[in-house]
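Below, each chain spelled out in residue letters.
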Amino acid sequence: MSERTSNRIFDIVNIVFVALFVLFCLAPFLHVIAVSLSSNRAITSGEVTIFPIEVNWDAYIKVFSDNAMIRSLIFTIVLTFATTVLCMLFTIAASYPLTKTNLKGRKFFMYVIIITMFFSGGIIPEYLLIRDLHMLNSVWSLILPGLVSPFNLIILISFFNNIPPSLEESAEIDGSSHFYTLMKIVLPLSMPVMATLSLFYAVGRWNGFQDSLMYINNPDLYPLQLKLFQMVQNNMVSELTQMEGANRTALTPESLKAATVIFATVPILAVYPWLQKYFVSGVMLGAVKG
Amino acid sequence: MSKATYFRRYWQLYALLSLPIIYFLIFRYGPMYGVQIAFKDFNLFKGIGGSEWIGFDAFREVFGMREFYTTLRNTFMLNFLDLLVSFPAPIILAIMLYEIKSVWFKKISQTILYIPHFISWVIIGGIVYQLFGNQSGMVNGVLEGMGLNPIPFLTEKNPWLITYLFTGIWQSAGWGTILYLAALTGVNKELFEAAEVDGATRLKKIRYITLPSIKPTIVTLLILNIGKMVTIGFDRPYIIGNTAVREYSDVLSTFVYRIGMESGQYTLATVVGLFQAVVGLVFILGSNYISKKVTGDGIL
Numbered sequence: 001m002s003e004r005t006s007n008r009i010f011d012i013v014n015i016v017f018v019a020l021f022v023l024f025c026l027a028p029f030l031h032v033i034a035v036s037l038s039s040n041r042a043i044t045s046g047e048v049t050i051f052p053i054e055v056n057w058d059a060y061i062k063v064f065s066d067n068a069m070i071r072s073l074i075f076t077i078v079l080t081f082a083t084t085v086l087c088m089l090f091t092i093a094a095s096y097p098l099t100k101t102n103l104k105g106r107k108f109f110m111y112v113i114i115i116t117m118f119f120s121g122g123i124i125p126e127y128l129l130i131r132d133l134h135m136l137n138s139v140w141s142l143i144l145p146g147l148v149s150p151f152n153l154i155i156l157i158s159f160f161n162n163i164p165p166s167l168e169e170s171a172e173i174d175g176s177s178h179f180y181t182l183m184k185i186v187l188p189l190s191m192p193v194m195a196t197l198s199l200f201y202a203v204g205r206w207n208g209f210q211d212s213l214m215y216i217n218n219p220d221l222y223p224l225q226l227k228l229f230q231m232v233q234n235n236m237v238s239e240l241t242q243m244e245g246a247n248r249t250a251l252t253p254e255s256l257k258a259a260t261v262i263f264a265t266v267p268i269l270a271v272y273p274w275l276q277k278y279f280v281s282g283v284m285l286g287a288v289k290g
Numbered sequence: 001m002s003k004a005t006y007f008r009r010y011w012q013l014y015a016l017l018s019l020p021i022i023y024f025l026i027f028r029y030g031p032m033y034g035v036q037i038a039f040k041d042f043n044l045f046k047g048i049g050g051s052e053w054i055g056f057d058a059f060r061e062v063f064g065m066r067e068f069y070t071t072l073r074n075t076f077m078l079n080f081l082d083l084l085v086s087f088p089a090p091i092i093l094a095i096m097l098y099e100i101k102s103v104w105f106k107k108i109s110q111t112i113l114y115i116p117h118f119i120s121w122v123i124i125g126g127i128v129y130q131l132f133g134n135q136s137g138m139v140n141g142v143l144e145g146m147g148l149n150p151i152p153f154l155t156e157k158n159p160w161l162i163t164y165l166f167t168g169i170w171q172s173a174g175w176g177t178i179l180y181l182a183a184l185t186g187v188n189k190e191l192f193e194a195a196e197v198d199g200a201t202r203l204k205k206i207r208y209i210t211l212p213s214i215k216p217t218i219v220t221l222l223i224l225n226i227g228k229m230v231t232i233g234f235d236r237p238y239i240i241g242n243t244a245v246r247e248y249s250d251v252l253s254t255f256v257y258r259i260g261m262e263s264g265q266y267t268l269a270t271v272v273g274l275f276q277a278v279v280g281l282v283f284i285l286g287s288n289y290i291s292k293k294v295t296g297d298g299i300l
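Top to bottom, those sequences are chains A and B. All residue numbers for the first sequence refer to the UniProt record's numbering, where the first residue is 1 and numbers rise by one. All residue numbers for the second sequence refer to the UniProt record's numbering, where the first residue is 1 and numbers rise by one.
One chain only, chain A, in its complex shape (with noise of 0.2 Å):
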C-alpha cells in the first residue's frame, strides 16, 4: 500500500470517527426536538427517533399559553441579566486593583480571596446564613452567594496583567485617576475576556438549580431549571411506581416535557455562538495559573 493511500484511509477513518461523535453529541437533542413536535400517539409507539413524526406545535402551544411557565422564563431572564452584571461589576471591581503590584496588602486580600477556592462551609452552614439574613425566597439568595467566582477573577488577574504597563502609566502621566484608567484604557481593552466572563457568570445563574431548590418555596420565584425538574422528576417517579404495581398518576406527554425542555435551552443556544471565538481563548487563560 502506498504512503498516498494508506494516508488518505487514516483521514476517512478519522472524518466518519469525528463525524460519528459530532452525531452523538447532537442526536439527543435532534431527539427531543423531534418528540417535541410528534404526534402523542407516534412518541407512545415508538417511532420518533430523530425525526419528528405527525408534525404539531400543539406541545409548544401548551408551553407558550402557560401563563407560570411564562412567568418562570421572563424572570429566569431577567435574573440571568441581572447576576451577570452584578458579577462583573464586583468581580472587575476585584481584580483591578490586585494587579497593581505596589498595592499594600494584594497579597493578603489575594490569599483572602484564593482560600475560599479550596474551603468552603458546606451547604448547611450556607442556607443557615441566607436563613439568618432573611434571604430564603427571596431573588437575592439565587443572587448573592454566588457573586465573585474566584476562578473568573484569576482569568481576569492574568488577562489585566498582560495589558502592557505603559498604556496605563502613560495615562497616568496625563493626571488619570484609577477610575478613569480602567474605565477608559483597561476595560475596553479586555473586551474578549469580559465577553468570555460574561457568559461563564450567565450560563451558571441559567442552570443553576441547587440554590434555587434550597432557598426558594414561592412558586412565583422558581427559576426555570426549576420548574423543569419538578416536570422531570414527577414522572420519573411515576414510572417507578408504576413499575412497582401503584397506579397511573397524571403524566405530562412526552411532547410537553420535551417542548419544556428546548424551551429551556434555546435562550443558551441564542447567544452561544456569538461568544463562542471568544470563551476559548478564556478556557486558556484559566488554565494558566494566575
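Just so you know, not all the hints are guaranteed correct.
As the list claims (entries may be wrong) - Distance condition first, Cα-Cα at most 27 Å in a straight line; then the derived DSSO-like pairs of lysine-lysine:
(1) A/Lys104 / B/Lys3
(2) B/Lys215 / A/Lys277
(3) A/Lys62 / A/Lys184
(4) B/Lys215 / B/Lys293
(5) B/Lys292 / A/Lys107
(6) A/Lys277 / B/Lys101
(7) B/Lys106 / B/Lys204
(8) B/Lys205 / B/Lys107
(9) A/Lys107 / B/Lys293
(10) A/Lys107 / B/Lys3
(11) B/Lys189 / A/Lys277
(12) B/Lys107 / A/Lys277
(13) B/Lys46 / A/Lys277
Since the hints were made in silico from the structure, they are not lab data.
With chain A's structure known, arrange chain B on it following the hints.
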C-alpha cells in the same frame, strides 16, 4: 512616599476592592463560621452561637452510620469510573480533531462538541429520561422494535451506572479537548516534517510526536482530577439518580442535602459536609504537591 500621598494615590483602588472583600467575608467566610455547628447540638431557635457544644458526638454518630460509608464508597466509585472512561475521551478526540485538515469541518465539529457543556444537568436529566426511560424512552423503543428486551437503564444498578458514565462523556468530552488542542498548537511543525522525511506513518507521528507533546497536560489534568476524588457535584448524581438506584447513586453531596435539608438534621449534615471539605482539601493539596514534583507545575 508618605502615608498621605500613598492614600491619595491609591484610595480609589481600596474603594473598588472593598465591596468584593465584604462579599467574601459575608458569603464565603460566613459559612465557615457556621461550621462550628458540627460540634454543637444545633437548635434552630437558639441559633449558631446559642446552641450547646457537644464536642465530637456528632462525628461519632456519623461514623457509625452505614449510609455514610455507602455514600463515601459511591463518591469514590463514581469519580473513579468517571475518570477511567471520561478522562481518555477528550484526549482521543483532541488528537483526531488535530489530524483533520478541513478547516470548516473542524470548526463545525468543535462548535457542536462544546455545546453539551453548556446544558444544565436538569435539562440533561430530561433528555436522558426521554432517551432511556423504561416505558417511553427512545432507546428501548428501538430495542423493542428489533425484538430485543428493554434494558432498565434508569432503574437497575449496572445499566444505571453505564447511563451515568455515558452522560458524563457526552457532557464533557468535547469541552475537554480545548486544553489539549491548545497544547497542540505549540508543537513545532518541523518535527512532523522531519518525521515525514524519515518515512513515519500517521499513527507513528501521533505516537511519537503528538502524544508526547500533550503528555504534560495529560499528567497535570490527571493529577488534578485525582485531587477531586472526594468532591462530587450535587446536580449530576441527584438528577440522574433516583430512589431505585440509591444504593449506587447516593453520594456525599446528595447525602448532605438529604439529611440536612430534607430531614433537618443540620448538625449531622454539617459533619458530613465538613468531612468532605477537609478530606477534599487534603486530596487537592496532595495532588498539587505531586503535580509540582512530577511536572514542575501545580495549580497553587
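Self-check item: Straight-line alpha-carbon gap lysine 104 of chain A to lysine 3 of chain B, limit 27 Å
Solution: Measuring from Cα to Cα gives roughly 11 Å; hence the hint holds.
Quiz item: Given the hinted pair lysine 106 of chain B and lysine 204 of chain B, is their alpha-carbon gap at most 27 Å?
Solution: The hint holds at about 22 Å.
Quiz item: Is it true that the CA of lysine 107 of chain B sits at most 27 Å from the CA of lysine 277 of chain A?
Solution: Between lysine 107 of chain B and lysine 277 of chain A the Cα gap is close to 10 Å, so the pair holds against 27 Å.
Quiz item: Are lysine 292 of chain B and lysine 107 of chain A close enough, with their CA atoms no more than 27 Å apart?
Solution: With Cα atoms ~22 Å apart, lysine 292 of chain B and lysine 107 of chain A stay inside 27 Å; holds.
Quiz item: Are the Cα positions of lysine 205 of chain B and lysine 107 of chain B separated by 27 Å at most?
Solution: The hint holds at about 23 Å.
Quiz item: Going straight from one Cα to the other, do lysine 215 of chain B and lysine 277 of chain A come out at no more than 27 Å?
Solution: It holds: about 26 Å lies between the C-alpha atoms, which stays within 27 Å.
Quiz prompt | Given pair status - lysine 101 of chain B, lysine 277 of chain A, alpha carbons within 27 Å | solution = The given pair, whose Cα atoms are some 19 Å apart, holds under the 27 Å limit.
Quiz item: Quick one, are lysine 189 of chain B and lysine 277 of chain A close enough, alpha carbons at most 27 Å?
Solution: Judged against 27 Å, a Cα distance of about 24 Å means the pair holds.
Quiz item: Hey, lysine 107 of chain A versus lysine 293 of chain B, does the alpha-carbon distance stay inside 27 Å?
Solution: holds (25 Å)
Exercise. Assess, step by step, whether the Cα of lysine 107 of chain A is no farther than 27 Å from the Cα of lysine 3 of chain B, and give holds or violated.
Key: Holds - the C-alpha atoms of lysine 3 of chain B and lysine 107 of chain A are around 19 Å apart, at most 27 Å.
Practice problem: Sort out whether lysine 293 of chain B lies within 27 Å of lysine 215 of chain B, counting only the CA atoms. | Solution: Judged against 27 Å, a Cα distance of about 15 Å means the pair holds.
Self-check item: 27 Å limit on alpha-carbon distance, applied to hinted pair lysine 46 of chain B and lysine 277 of chain A
Solution: Judged against 27 Å, a Cα distance of about 53 Å means the pair is violated.
Of the numbered hints listed earlier, those contradicted by the structure are 3, 13.
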